[in-house]
Amino acid sequence: MNVLYSHPDYPLQHHIDGVRSLSTLFLSETKLEFSQQKWYQHLCESIALFHDIGKSHRYFQDYIRQRNVPQQLKSHALLSAFVFMSYIEQVDGVEDIWKWLAFLIVKRHHGDLDNWLEEFKQFDSDMRQQLFQQIESIDFALLNHTYEALFPIVTEQPFTKSQFEAAVEAMFTKSRKIRRGIMRWNEENESLVPYVQFLFLFSLLLDADKSEAGIMQKESWEFSERFTLPAHLVQVYKQKQQWERNAMNELREKAFQEIVDYEIDLNNHFYSLQLPTGMGKTLASLQFALRLREEMQTKKGVIPRIIYSLPFLSIIDQTGDVLKSIFQANGMDIDHRLFLSHHHLSEINYSVVKEEEKYDVNYDTAKLLIEGWNSEVILTTFVQLFHTIFTNKNKAIRKFHRLANAIIVIDEIQAIPHRYWLTVREMFQVLAKELNCYFLFSTATTPAIFDKRETIQLVEPSVYFQSLSRVKLVPHVQENITIESFVEQLQLHEDKSYLFIVNTIDCAKKLYEQLAEMADQTVMTFLSTHIPPKERLRRIAAIKDGTYRIVVSTQLVEAGVDIDFDVVYRDLAPLDSIHQAAGRCNRHGLRAGEVHVVSLTDGKRRYASYIYDLVRIDLTQSMLKTYEIVEEKEFFHLIEEYFQQLSSKMNNRESLQILKGIKTLYFDGEATTERVPVSQFRLIESGEDRFDVFVELDEEAVQIFQRFEEIVRIKNPFERQREFAAIKAYFYQYVISIPRKVDHKPPILYNMGYVNLYSLADFYDQTMGYKTKSEGIIW
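Mapping to our numbering: the sequence shown position 346 is 346, numbers consecutive.
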């Protein structure tokens, strides 16, 4: 007898059985309150059983045998959804709303989510003809034989052609009634819970489907196996370090011990670790997360993943190095089932240790394992995390169920834009209740996103701030000042190091040129995003080694970059940014540090106004004007007052619009004054139109670009993607992003700017990076 296939040479029966097993496993291991309800479990299993039933028609079977098939006839998800609906309509105990949503899950399991009301308006004569043509081609005897072992009811009530045709007609008939029901529901629903439960259910199918096809079919080891992580990993690591005894290290140890001794109450889901910069928040955060994980495993019987998220790629690598060192200090192999990094430049490499041998899985499987967050500790970016929670994208939704029971560390939480504070607060509260998520906010400057009454302080921050006297902050913001006037007033002492942080690249270049006229250029360097990442990292390493005494930089050094100076000058910025800048001054408390805040202008307006909104700038300026000097011990109360005032001054319009979009399951479409679709959530504003430029800085860059050109010529898109993934991390070490409006544009090659080694001097300054030759243009 012939066999129906889901993938080339792989039986449909095996695939559906595997997807059902995986989705059921993923659901059962969460032990969530809603996931243990019978109707939800039945819905999950039914979706898995029916999601690929449409693959039974001849056109799809011919397609996977590489025969020519009309494009519109090879699809399968639409037919699967119609057949599924005819079954689920007969099931008692499932609300209509969930039957409609489950229909969309099956229909959209290979695509992104849209406006769900529109999904039930798209039924037309062409769709009916396509579905009937597909049904006509099904061998129902073979289909019933395939499903008998999966779905015992088929033995008594076999699938028939008339049943499938009736399923199509029924949906066409009911679509108007369904639309009316959706419109009523959209008007009445005021909760985020349906959105969370829907994405969770959708992700179960997506992950099970992709994992069965791309991992289980190719790998013999148990990819879904979970591992225990001892709570003392960080303590063992610390014991093996040779850190000197001094006042700062003793203060760090005091804070760490408070985390070790903290008595965890699992009824609390929100925690804050607010400590001054340089106080070891990374190790303390990991220590708490591991202790909380052990407590949850013991008392709740679940194994939570630790999702450690950071706002910037620049600090992901150094945090990853810390995690690797912790595992190595404990004699543990770097098995990616224990720890992986995931961001858009991650290397697609997934290694497992089997029988004391290291084994690298193939590219396609590794990509699925990484993108599915198949690990105990996931180090990722804010973009990956928040665009998994607020998204309509199939690829991102797939890992949504991994948030269940997760311990989510939000490092540098102040980087969340104020426009989304309300959205984040309401969503996190629902994730805590529905998915049993735990949150740890780690920062020196905790914004007023959450009410203090609902967030547990792991340490008393004021104690640590008041214990410090590393720096004093001196405001000079009564008047705005030009770069020329500012430099004229400067006195640079040869026995001190200086860091200048300004708001725009244009300002940074002009300031550097002015300073170069009065200082030894051999001890100076420059940092901005117009310098390729490879060279930026080299310069930062040289700064740490003491090679440079004077550094001019944009804000890229503010958060998490471990550099240290005697004196920091900061152009006016929001107070939390100034606080972060102060963290680059006298970090270890070995001398007296100074942070000076000035308000630089180009003669027309403050440079700060090109980057930041006026509410935050004006508030900061008005607060700092009342001080002659701010001692470090006063930073805590100053930043607290700043965030309280900011909350009262900023409006929640954008948060309310996106929340309305979420509550009406408006995943995509046009924005209105009342609601914005989920697809328009943007953690990072794109700002002005920019484009990438590859800069051949050295011979290595030449070789990388040559390899890139070879890859571009590969005809097979999947092979091309695989080959580029192998060089992606190295390729982007030479890529910068510049505004399209600059006067001096490089040649365009492969849809990006290209500066080759021979024309480097025409486009690139060895000190200040890309030459824009754009007078008066600010970006």
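Honestly, the hints are just simulated from the structure, not real lab data.
Remember, it's a predicted structure, so these values are computed and weren't measured experimentally.
Note that CB positions come from ideal geometry on N, CA and C, so glycine has one too.
A portion of the hints provided could be inaccurate.
[To be verified] Quick list of in silico lysine-lysine cross-link-like pairs, DSS-like style, CA-CA up to 25 Å:
no. : residue 1 : residue 2
1   : LYS74     : LYS354
2   : LYS728    : LYS121
3   : LYS38     : LYS121
4   : LYS74     : LYS715
5   : LYS121    : LYS174
6   : LYS121    : LYS393
7   : LYS395    : LYS660
8   : LYS728    : LYS604
9   : LYS299    : LYS31
10  : LYS604    : LYS625
11  : LYS121    : LYS210
12  : LYS324    : LYS604
[To be verified] Label-pair distances were calculated between CB atoms; the ranges are:
no. : residue 1 : residue 2 : range
13  : VAL260    : GLU634    : 26 to 36 Å
14  : ASP364    : ASN249    : 43 to 53 Å
15  : SER462    : VAL302    : 44 to 54 Å
16  : SER462    : GLU244    : 22 to 32 Å
17  : SER467    : GLN706    : 47 to 57 Å
18  : LYS174    : GLU357    : 54 to 64 Å
19  : GLU357    : MET183    : 27 to 37 Å
A quick look at each hint next to the structure:
In summary, the hint linking LYS74 to LYS354 is not supported, as the alpha carbons are separated by about 40 Å, beyond the 25 Å threshold. This hinted pair does not check out: LYS728 and LYS121 have alpha carbons roughly 42 Å apart, beyond 25 Å. Distance check on the hinted pair: LYS38 and LYS121 sit about 31 Å apart at the alpha-carbon level, beyond 25 Å; violated. The straight-line distance between the Cα atoms of LYS74 and LYS715 is roughly 23 Å, inside the 25 Å bound, and the hint therefore holds.
For the suggested pair LYS121 and LYS174, the alpha carbons sit about 11 Å apart, so the restraint of at most 25 Å is met. Distance restraint check for LYS121 and LYS393: the Cα-Cα separation of roughly 21 Å lies within the 25 Å cut-off, and the hinted pair is therefore satisfied. Distance restraint check for LYS395 and LYS660: the Cα-Cα separation of roughly 23 Å lies within the 25 Å cut-off, and the hinted pair is therefore satisfied. As the CA atoms of LYS728 and LYS604 are separated by approximately 42 Å, the hinted pair breaks the 25 Å bound.
Proposed proximity of LYS299 and LYS31 is supported: the alpha carbons are some 13 Å apart, at most 25 Å. Between LYS604 and LYS625 the CA atoms are separated by roughly 21 Å; this keeps the pair inside 25 Å, and the hint holds. The straight-line distance between the Cα atoms of LYS121 and LYS210 is roughly 29 Å, outside the 25 Å bound, and the hint therefore fails. For the proposed pair LYS324 and LYS604, the alpha carbon gap of about 49 Å is over 25 Å, so the pair is violated.
The beta-carbon spacing between VAL260 and GLU634, approximately 29 Å, falls within the hinted interval of 26 to 36 Å. Checking the proposed 43 to 53 Å range against ASP364 and ASN249 shows it holds: the Cβ atoms sit about 47 Å from each other. The hinted range of 44 to 54 Å is not satisfied by SER462 and VAL302, whose Cβ atoms lie roughly 35 Å apart. Range check, SER462 to GLU244: Cβ separation about 27 Å, and the 22 to 32 Å hint holds.
Hint check: SER467 to GLN706, Cβ distance near 56 Å, so the stated range 47 to 57 Å holds. A hinted range of 54 to 64 Å for the beta carbons of LYS174 and GLU357 is consistent with their spacing of about 57 Å. Under the hint 27 to 37 Å, the C-beta atoms of GLU357 and MET183, about 59 Å apart, miss the expected range.
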